[in-house]
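Just so you know, the sequences run in chain order A and B.
Going by the numbering used here, 152 is the number at position 152 of the first sequence; the sequence numbering is gapless.
Going by the numbering used here, 171 is the number at position 171 of the second sequence; the sequence numbering is gapless.
Hints are not guaranteed to be accurate.
What the hints assert, rightly or not - Below, simulated DSBU-like cross-link-like pairs (lysine-lysine); rule was C-alpha separation at most 35 Å, straight line: (1) A/K180 with B/K346; (2) A/K180 with B/K534; (3) B/K573 with A/K2; (4) A/K333 with A/K2; (5) A/K116 with B/K534; (6) A/K2 with A/K116; (7) A/K251 with A/K137; (8) A/K260 with A/K284; (9) A/K180 with A/K140; (10) A/K137 with A/K180; (11) B/K573 with B/K534; (12) A/K288 with A/K251; (13) B/K258 with A/K116; (14) A/K390 with A/K140; (15) B/K569 with B/K534.
As the list claims (entries may be wrong) - Computed spacing ranges between beta-carbons, pair by pair: (16) A/S46 with B/H273: 56 to 64 Å; (17) A/S72 with B/G441: 24 to 32 Å; (18) A/G68 with B/G225: 58 to 66 Å; (19) A/S51 with B/D364: 18 to 26 Å; (20) A/V369 with B/D364: 33 to 41 Å; (21) B/G441 with A/Q190: 29 to 37 Å; (22) B/A360 with A/R85: 21 to 29 Å; (23) B/R358 with A/R92: 31 to 39 Å; (24) B/R358 with A/T197: 33 to 41 Å; (25) A/D303 with B/G441: 26 to 34 Å; (26) B/E315 with A/T197: 21 to 29 Å; (27) A/Q190 with B/E479: 40 to 48 Å.
If you're looking for bench data, these hints aren't it; they were derived computationally from the structure.
C-beta atoms are modelled at their ideal positions from N, C-alpha and C, and glycine is treated no differently.
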Amino acid sequence: MKVLMVSPHSVSDVRGGAEIAASRLAQALRASQEVPVEVIELFSVSRDPSSLRTVTAQSPTEYGVVGGQSDSLRFISSRTAWENRELEAWLRDEPPDVVHFHHFVGVGSDLLPLVKRVLPNARTAFTAHEMLSFCGKDGKMVKSSGELCVQASTPACTRCLGVASVDVMMRDHYFRNWMKLPDHVITPSQFLADRLTSWDPEINPIVIPNVPPPSSNNSDVQANTTTTVRVGFFGQIIQPKGLHVLLEAAKRALLPEGAKLEILIFGTQPDPHYWETEIEPRMKSLKKGRIRARYEGPYQPADVESLMKLVDWVAVPSIWWENAPTVIIEAMKAQRPVLVGDVGGMREMLDTYGGGICVPIGSIPHWAVALTQLVLPGHERSWATLTSNKHPLPSISGIVERHIGVYGARL
Amino acid sequence: MKLQGMLRGSQSHEQPGNLEYLWESSSIVVACGWSTAGELEAAVGIDAQVSRYERPDVSIALGSSPLERVGFLLVAKSNPNETIESLRDSVQKGLLAQGIGGISAGKNHFFDEAGIAVELLREALESQIIAEGQGPRRPQLRRLLADLFPQSDVDPTRPGDLWIDYAISFEVTGTLVIGGWGPRDAAFVVDGERIPQDCVYWFPRPDVVSTVGSGFAGFVAVHSGREDSTKSQATTFLLEASSADTAVTFVPERMSDKAPVQVGRRIFDIPLHSRHFQGLLDAGVGSMLTGLISAEGKAKIEPGSFITLDSAGEEPLISVVIPLYGRFDLLWNQFASWAGSTHRDKIQLVLVNDDPIRGAGVLDLVEQINSIFSLPVTYVEKTENTGFADTCNTGAQCARAPFTLFLNSDAFLTNPDTVTAAVDILRNDDSIGVVGAVIFGPDGQVSHSGMDVVYLSTRSSWFNYHPQAGLNQDSLPSEQFWSSPAVTGAVMLVRTEQFLDLGGLSTDYLIGDYEDSDLCWKYRESGFDIVVSKALASVHMERTSISLIGSESFRERLSLFNSWIHAQKWSEKRGFVKASEDSR
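Build out the structure end to end from the sequences listed, making use of the hints.
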């Protein structure tokens, strides 16, 4: 079976949830013992003025396709008719049996209808990683006011996005049609599946968790008995991930005498403005004293487990619903309890697997209290309880098997 | 539109003023306009006398108080060592430095030094400065003159007998449209020729009555077929009233009337309440406009403007004609919708670009979209914008299929697979000429299920009425299709050849309105029935490009004008009212 795995960007360039999920699934499929699976990865690359090629080999199993954006309403790529013809020829050259899309940004939403036309016999799957098909606010379902949004509607979206209502309607019309194209719609969480069917009851999503990181030696499950507690933040440092909430809450945490709290930040900074205005000033005020914050820099996905073991807790202070945050599964794999927002995909993961504490989303006072509780005397007992009372995480082989089942399923 | 009209000649809508009129004599320059600047004399930087007055027309548009004195009259006298040209330049530059741009050339007058300014201003005030609805403010302006020139003989208290708000001379037809106020039922003579009474429409002007007394009313006079309007600039307008005769000499605004849409824009901008608009049309403006529309050439399919992107393997069953105007990105939605149909090989998409200026790059877009969906497409690029009807007719001429579906670019069939069921209606019954659609709005409510005509007394005209608009789906008849007096052209299926034989959609209408019901009446007169079918059920994102046509006020006038044409053509025909009654 030959699978073309399509993701927005190369995971070595952008470590977003969709990129990581696509990359891990590709690796897991290649390693499958059940069925021999050849996986080719395709992601968007910037147009190279020195190259006339639309699709370029990045490695023997990775290809870059010219992406860009010519229509921001529908996330249409900037590929010209000529480039689409080249892409069509590339698809026909060694046609895959399955084309699995993760997200539609980057490569453009026009790639799926092209695949459907050019490869009518290929089975197609689309894994949704957020709510972009029905939320023009980056698919986060968070209103301009910061309030969580529960239902898309033309009047509400028009107000929120500040665009003409016709734009909202045309976007909605386009994506309702678009979502009918893949043979299978997959969501990594029930939360997202529910949201999709609430928007369009004709969608019938299959819930399959994202592939977790590979297992390693999990012998290090000793609780930290010192008076210094370390909380780690992992992932992209962008506004929806809510690092500013965590830092502001840390500033307000009331530590018992002798206790110390350290916030260690790991990840990339794709949004310099957010970093400069929301993060840096707070970091400066947390340089000295018993509560400190420190930026440790970006990391490779393969290193995440060892880095997580440097901290006692992993915080996921996202201020949107989230879907199935990779970082939560990574923390659970690393035997580290999590502090997460109490909504959407975050809450669902804790409800499913245990191993953490839910904190009211975006609430600085609640997060400050939660951080304080981590360093109260006896904190190591809570830690131990949370790390031991977990439900089993989904196995890689099980997830691969389910994907192969979807790929092989006849409609 | 009103704002644009008032700011005509402005360099930018953000500028704090506009120079509307500029005159010069051998030694004096007079500038008039409006400005939001406070101290204009000092700001302009020349020795000039400036008076300010109220310009409620501007103030309202700017959102400020109507009592704000934004209007200005500036009088500058040249020094002995200064030429009038350099003074004029200084005035213009000084005003421009304050953001007061606008006209660049004025009118030359050659008066003696004595009384020059008064004469200039008198002429200015009595001819053009009172345009934009300043008529009733004449006494105020007289006071202004008296203040400016205390030695003159201007009587600030004398009320006017006749006031001209606007006068537009159309170059080709020689039609002169004059609007203003005067003694009710007076007679008019223009350059020695009497205007027939039926070419003058009188209407109440409470603002005038409150200013100059009872017995006065507003009027629109239409003087048609002047021999050669280009010969003389000035026109004498004589009012013959029982009280006293008054003559006014003025220079009408000159306008080319080659393009009916442009003429329409100017005519529809005339300050007149909608209920009096029919009077304006009946007085002669309507027939002038219809004459211009019928004289306008129809679009020709020029070599190179007709491009077939992807031919069907077999002859298509249905040509889907989609007129394009403004929102070209909607094509992504259209293509995606048709590409998912099981009948994708039975259709020919005919895209007719009626917006050649904005749509210069549309062919590239169509190519890009079709490189994804690969549908049989014929793309036609018109060289000029000629409106909905002509665009649809052009599309029908390019149709290769025996059936043509006219489809607005923002209308989408709920299920494109059922389009063949609509074709079957025409195949099975020769007496049916047109199949219209049940159309829903984006909110899921019915927006169209056939059209009727109703007489609206407040607008003195017949209008198309959509009986079930706003109701839910349950309100529709249980049948799959049913008769209706008319259907909308947004989604409409016809036999291609029959449509062309009947002459297609009428191009008598301006821009796009009423030609669909006109077509239906044409079919009915030829003995065919019109039906509405659920097989063409569609969603219409109505009015996606309508704002590109013009302001709401313009669109209202446009609709009134087109309804006037529609009624002129069909209201006397047998069955017009009967059909509307039968359908209730």
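Item to check | Hint check, failures only | outcome: Checked against the structure, the hints that fail are numbers 3, 13, 20, 25 and 26, while the rest are satisfied.
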